[in-house]
Structure formats: structure tokens, C-alpha cells
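Peer 1: Listed below are the residues making up each chain.
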Amino acid sequence: MANVVKKEQHEVTHNGAEQLIDEGNAFSPNADVYVSEESALFVFDIPGVDKGDVKIEIDEENTLYVRAKNSHSEPGSAAVQEYRIGNYYRSFKLTKDYDKNNVSASLENGVLKVAIPKKEEAKPHRIEINA
Amino acid sequence: MFLYDNPWKELERMQRDMDSLFTRMGRSRTRFPSVNLYDGYDAVSAEFIIPGMVKEDLTITFENGSLVVKGERKTAVDDETYSLVREERNYGTFNRSVDIPVQIDAGSIAADLKNGILTVTMPKAEEAKPKQISIN
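Residue numbers (the working numbering), protein chains in the order written: chain A, 1 to 131; chain B, 1 to 136.
What the hints contain is simulated information worked out from the structure, not anything from laboratory work.
Capping the alpha-carbon separation at 30 Å, the derived lysine-lysine pairs in DSS-like fashion look like this: (1) B/K55 to A/K113; (2) A/K93 to A/K51; (3) A/K93 to B/K74; (4) B/K74 to A/K51; (5) A/K51 to B/K55; (6) A/K51 to B/K70; (7) A/K96 to A/K123; (8) B/K114 to B/K124; (9) A/K51 to B/K114; (10) B/K74 to A/K113; (11) A/K113 to B/K114; (12) B/K114 to B/K74; (13) B/K70 to A/K113; (14) A/K96 to A/K119; (15) A/K118 to B/K74.
Partial list, computed: chain B residues near chain A (C-beta under 8 Å): (16) G40; (17) I49; (18) G52; (19) V54; (20) V77; (21) Y82; (22) S83; (23) V85; (24) R86; (25) E88; (26) R89.
Simulated DEER-style distance windows between Cβ atoms: (27) B/Q103 to A/D22: 42 to 48 Å; (28) A/E108 to B/R86: 19 to 25 Å; (29) A/Q81 to B/R13: 19 to 25 Å; (30) B/R86 to A/I127: 26 to 32 Å; (31) B/I133 to A/V80: 25 to 31 Å; (32) A/L20 to B/R31: 31 to 37 Å; (33) A/K96 to B/E72: 38 to 44 Å; (34) A/Q81 to B/K70: 20 to 26 Å.
C-beta atoms are modelled at their ideal positions from N, C-alpha and C, and glycine is treated no differently.
Bound-form chain B, shown alone (with noise of 0.2 Å):
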């Protein structure tokens, strides 16, 4: 079979998949997708982490200042003839929903997906942007 090549690494991560099992556990399930948020100047971005995913199988709406993103990952081999013996990755379907704190121009929203990363990208509402106040 397949031995690890770091047993230190490994220890790292058998670790990290009790943690996340535990937080399965108490709560209804993992997080996934990973998001990550970043405020900018005149729009807020969102990063989701879906590798192997198209845009076909994502749902997204924008609404009372949540963007949610659903969908269904599916395993990455249908062959009847392979056999799971090592399982890390996620998979099943799934409802991210993110709240944003910024007043969002809803209507401007605009989403991308390349090599497995969704980006939604919202532009600030006129009333949230930065102003700049000028010294009379």
C-alpha cells in the first residue's frame, strides 16, 4: 500500500481531520467552501475554494446583504473499477451563505471561476464608498 513519506506531516494532518471531524460532529457539517473575504476601496471580493467544479453545478444569489453559494461537488472518480482507499477531499452538496457588512450595488455583481477558485466581486453602493472630504 502507500506509506507517507513524512509520518511528522502526516501526524499534522490526521490531527486536522479530527478537528474537523469534531466540528462535524457538533455541528451540522464542516464548512466548505473555504471563503475568504477581502474589502477593497470600492468593492468587497469573495474567494471560494471549489476545485473540480464548473460553473454548471454552482448556484449564486445575492440577497438582504448575504451572498450564498450553492452546490454539489461530486466525487472526482465514477469508475466502478477504482476503489476509495484514502479519502481527504470534500465532497456531497452544499449552502455557503457569507453575510457582507457593506451596503452592496446588487445589480453590478460579477463572478468568475478559474482553476477552482470562484471569485465574486460586489461593488460598494454608491452611500458606501469612502468619501473624500476636502479642507476649505
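Chain A with its partners taken away, still in its complex shape (with noise of 0.2 Å):
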């Protein structure tokens, strides 16, 4: 029997990028991630790709799913290069800790910014002392 993960979609704008980029043929984006005790923040270089065509899920395995399609228009075959241009894909697994449901998403100048958040049950507890 076919198992259809569900996927928790969150979407940056409306209509997404295609479900066929996949790991096999789009290039992989170099990403710098950052955590504090709050929540956790994913940077991915996708240069040439508009908003509204990336396309961020997290499954039930809170895998971080991230596809971009990339419009750019190269303008001839290339006499010298150093970089190949194409969509993007890109996956990370989370921990239990991260809140799926609220994700939150922004793309700038090729930069794509993604948070998420911590449960509140993961979040540090500042307890305070009493004199």
C-alpha cells in the first residue's frame, strides 16, 4: 500500500515551486544555520530565484524540506564558467523540539531566511529566585 506522507506545508508565497525538484537534479545550496535557545534560523543561498517559486515543507519526520525553481535567464552559453545555474533542493532533519507549525519564511536577494520556532515545552524555563 502506497504510504502518502502528509506533509505539513508551509508555503512563502502561493503558488510554490514544482514537487518534481528533487535532490537528483537540482543543485544543493549552501546554507549557514544558527540556533539560540528559542528557536532555530536556516540562511540558503538560492541566487536567481524569484519570489514565489520556493517551496518549504516540514513532514512528520520534522524533515525541513526546501525546493526553489530558478527562472533565471542565462543570456547565452557560457565562455567561462564558474557556476551553474539551475533549482534548488535541500533538506535538513530537526529535532522533536522544533514547532512545525509555525514556521516562518522570507526571500531577499537570493537569500532565503527560514525559522522555526521551539515547542514551548523545549524552551528554557527562567526560573526566578525568590529573596
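Join the two chains into one complex using the hints; note that each chain is given alone, in its own frame.
Peer 2: Below, the structure is given as C-alpha cells:
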């Protein structure tokens, strides 16, 4: 029986990226990862991608998937090529502490930021000392 | 912490990181930003990959047949409550020079920045354009 994995869908935008983008046919973008007591922040370089062409999902296993469709068109075939442009795909497994239902994301100048807060119960509690 | 979904892909990335580390050690610095050059009929275009940068961060000059792009790429997050646990993106000041082996009409160079890609279009000088020769 086909195991249909229902994915928690978070959309930066309306139309989203192509479902078909996978690690086999896309470039793996460089990423920086930041953490704080309250949340995690992923920063991806996805040059050439327009707003509306990114799809961010977190599945039931708490794996973060980023897919981005690149519509940048090159002005011809490159005479010197150091970089290849195309679609992007990357995934990270998150621990269960992270709340997949409260993801926020932004895309600016080819940099995608994805912020994922910790679940309330996983955040550190500050205990006041009574005098 | 964060685990990788596909360890083979990560292995490939580690290899690449190692390569770039050695490049950095061997030469002054890894080449940033990456650039692609396109030789068109009447213009040469250069595309620099500089995600996150805005035009105020960049200086572009053309001199003695070389296109030079200078700038500073800052870290994406300056919030003190965050600590960086994984770093793959480059940042810092850079000075990238590209020799253009064709005569350029320097006064007509145009630059455009969109979605982290800087495109510099350099129209060829009249004498560098291909000439069509008619048969008598």
C-alpha cells in the first residue's frame, strides 16, 4: 500500500515551486545554520530565484525540505563558467523540539531565511529566585 | 541537533569544502564571487553570484581591459541571541577582477542586480564586432 506522507505545508508564497524538484535534479545550496534558546534559523543562498518559486515543507518526521525553482535565464552559453545555475533542493532533519506549525520565511536578494521556533515545552524556563 | 537527510550528498559537500579549504591555504583566498562570462554577438556579459548583497555594497570599475567588482558581504544574521552552528556561505570583503579579452566600449557598460545575481553587460567596441563580408 502506498504510504502517503502528509506533509505540513508552509508556503512563502502562493504557487510554490515544482513538486518535481528533488536532490537528483537540483543543486544543493550552501546554508548557514543559527540556533538560539528559542529557535533555529536556516540561511540558504539561492541566487536567481524569484519570490513565489520557493516551497518549504516539514514532514511528520520533522525533516525540513526546501525546493526552489530557478527562472534566471542566462544570456547564452558561457565562455567561462565557474557557477551553474538551476533549481535548488536541500533538506535538514530537525529534532522533535522544533515546532513545524510555526515556520516563518523570507526571500530577499537571492537569500532565503527560514526560522523555526522551538515548541513551548522545549524552551528554557527562567526561574526567578525568591528573596 | 540537525542531522543530514542524505549523508552521501553531505560527503560530497565535505569534499568540496575541503577542496576550497586547500585552495584557501594554497592561494590567498577562495575566489568569491563566482563569475560566468558570456560572449555575445555585440556584447560580453559577466554574471557575478552575490546573494544577499545590495547595490550600495558594490563598486564596479572597468580599467585596462579588466572588470573589477569590489564589495563586502556581511553575515546574514546579526542578532546576538543566535549562534552560528554551521557555516557554508562566504562572507567578508572581496575584490574580484576579470580580464575581458575583447575591446569594450567602456562608456556604455551597464550593470543590473537581481535576486543575488549581478549582470554586467559590456558592449563590444565597433572594431571588435564581427564583420560580414559580402562577395562581389
